[in-house]
Amino acid sequence: MSYFLTVKNLVKNYGDLCAVDNLSFYVKQGEIFGLLGPNGAGKSTTLSVITTLSDFIKGEIEIDGLDILKDRMGIKQIIGMVPQDIAVYDHLNALENVKFFASLYGLRGRQLTNSSIEALEFVGLSDRLEMKPKQMSGGMRRRLNIACGIAHSPKLIVMDEPTVGVDAQSREHILKSIQTLRERGATVIYTSHYMNEVEEICDRIAIIDKGQLVACGTKSELVALVTDAQSIYIETKIPASFELDSLKKKLRNLPDVKAVALEENSIRIDISIEKSSISKLLEQFLSMGLPVINIKTEVPNLDTMFLTLTGHELR
Amino acid sequence: MFSVIVKDTREFLRDRVNLFFYILFPVMLIFLLGNLLANMDKAEDAIGTIRIQYQRDTTDPYQQQAVMNFIGKVKEENGMLQFEETSDIKAARQLAGEDEITAAVLFTGDPMEIQIYEGTNQLKNKAVSAIFSSFIQSDKAYEAVFESNPQALSGLVLTQGEYVEQKDLGIHRTMMDYYAVTMLAMVCFMIILVGTGAFMGERQSKTINRLIIAPQNRVFLFLQKILGMLPQVAIQIVVIMFICVVIFKAHYAANTSDNLWLFLMFLCVTLCMVALGSAIGIVLKANPMAVIMPVLWIMMFFGGTYSREMHVKGLTEAMPIYQIQQAAYDLVIFGHHEKANYVIVISLLIMLAALITGAFLFSRKQEER
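Protein sequence lines correspond, in order, to chains R and H. Under this note's numbering, residues 1 to 315 are what the first sequence spells out, in order. Under this note's numbering, residues 1 to 369 are what the second sequence spells out, in order.
A hint or two may mislead.
Computed list of lysine to any residue pairs in SDA-like fashion (alpha-carbon distance at most 25 Å, straight line) [stated by the list, open to error]: (1) K206/H - T113/R; (2) K58/R - R364/H; (3) K219/R - R268/R; (4) K365/H - Y105/R; (5) K132/R - S3/H; (6) K132/R - L13/H; (7) K176/R - G138/R; (8) K134/R - R16/H.
For the record, the hints were derived by calculation from the structure and aren't laboratory data. Keep in mind the model is a prediction, meaning the values are calculated, not measured.
Please work from the sequences and hints to get the whole structure.
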């Protein structure tokens, strides 16, 4: 089966640091593909290589049947990038910004103007054509950032955390826009720190950690990987004298515990469902002098899955 | 093709900091320095009466007559000069050493030599030198006429106004003219910062990554960025020259063709600095204001940009901006093009080298984080 994007055995180093280590995945035509991973996992580096921003040492990348090494210009033409940082010109207004970036893709004249206005309409900035980025709110700047990346109607849109620092209303608008892009036939690669966003819009998700692929599949496929675990939230009061790292280590070493996360007023522990023994766990808590104020169990979700697969939280 | 040029021009014209720094600031400097330092052109001390004792010890009657004619003419026209003939030059020298008289002068030998024994007043000594320099020049002129057409001398009648005058340069030069040229040179030099900022600005706004991933030939893109600065630099030079001439009444060259040549020279220098700055901007991570600016100011300071009194032998001549200023003065004052042409050729060669280097560096540029 041929895929829209295929990444095979990708290796990318920064000096001695291996940022992407033998990474392989594929993306189908017209799907929203989520890349999940903690900071430094290699997500942005992977996106850089796919968008031709960076070279790589080993591996193969094919987009829409084009080899990235042999047909770089062809690939550039069909890619649209929405970078994590807002990359627009402060002294140009919204329409001028979008028109400039679209013109780099060969759009001219009326087609350029129409496509630029359409992109701005798409992100809900049609009434802000003359407004300069400095005069815009954070959410509006983010939306302008998206418009600059999509005005030339790319087949593959790469979005690197496009909702960072935006208000709820703008985030909702952006997420809806991305789904609309998919409906129009575009393929989207999406990275985010917000698990709920990824759950909401992504058709398939790849989990990356330390430059390697940990898991890849639909949400249900990924959750199925960790269905033998359940999350137990134990509300407690951790004395000031407790060293959090050693406490976490002690709990992690308890039998059948798969992962531990310390939260504000509670401790989340993922334990094996099959071998679940909550009473033993509570006994351990009490023996360590930790009071049990409340207890709650939860079925696995992407958070659980991420914690279980990588051993640490997303953020 | 023109989208980068249009974009860069728009950005430049809308950025108030740019407009202030590259247009308003130099214009203000020309106005302030030109007016405040105009007094440096004026004498601060009065020379007073100049008393000269002289002895004629030359055997050539023509030379003796020439001396007497000159002294007679100068005494007649200028009451502040007092000439007294003496037969004891030693006593006169002693009086000069004691500042009783300004100088003792001995006209001796054949061909005639003029030996001047000065007092200690430097200002008066300069005046004495100037007087006898003019005598030597007029004597040479007289000799030249005597040798080529002696008959012309027979009909010569000295009347007031019939003596050698400094060639009229056509323009009354002021300090404003000096700064109109040096500030233009300064702007051209400072434009290296515009060149550096062209790519640093793209880096800071993170838009450079969008440029890198665009389906454009990188060398072509680099050249577009350079061309994008062409309207800016032309606007700057034209605006500064226009304001200097129309508002401050400063003068550049006496005729249009020399002014156009001056514009061409500064345009070439500016483009050279833009190309150089752009190549530096691709690799430079530090703030150009902190790195390049001090170097520029030092070069301009020792190059006499801010004051024509600043001249350190050996160092000043080594400053490129000094050479550019000299070429400009040669062009605007004397209409000589040689130095200006030299500056144009060197600028174009440096620009070419910078363009090749910059295009190479930009074509290998990877993601900016």
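Status of the hints after comparison with the structure:
no.	hint	in the structure
1	K206/H - T113/R	24 Å, holds
2	K58/R - R364/H	18 Å, holds
3	K219/R - R268/R	21 Å, holds
4	K365/H - Y105/R	19 Å, holds
5	K132/R - S3/H	18 Å, holds
6	K132/R - L13/H	15 Å, holds
7	K176/R - G138/R	18 Å, holds
8	K134/R - R16/H	14 Å, holds
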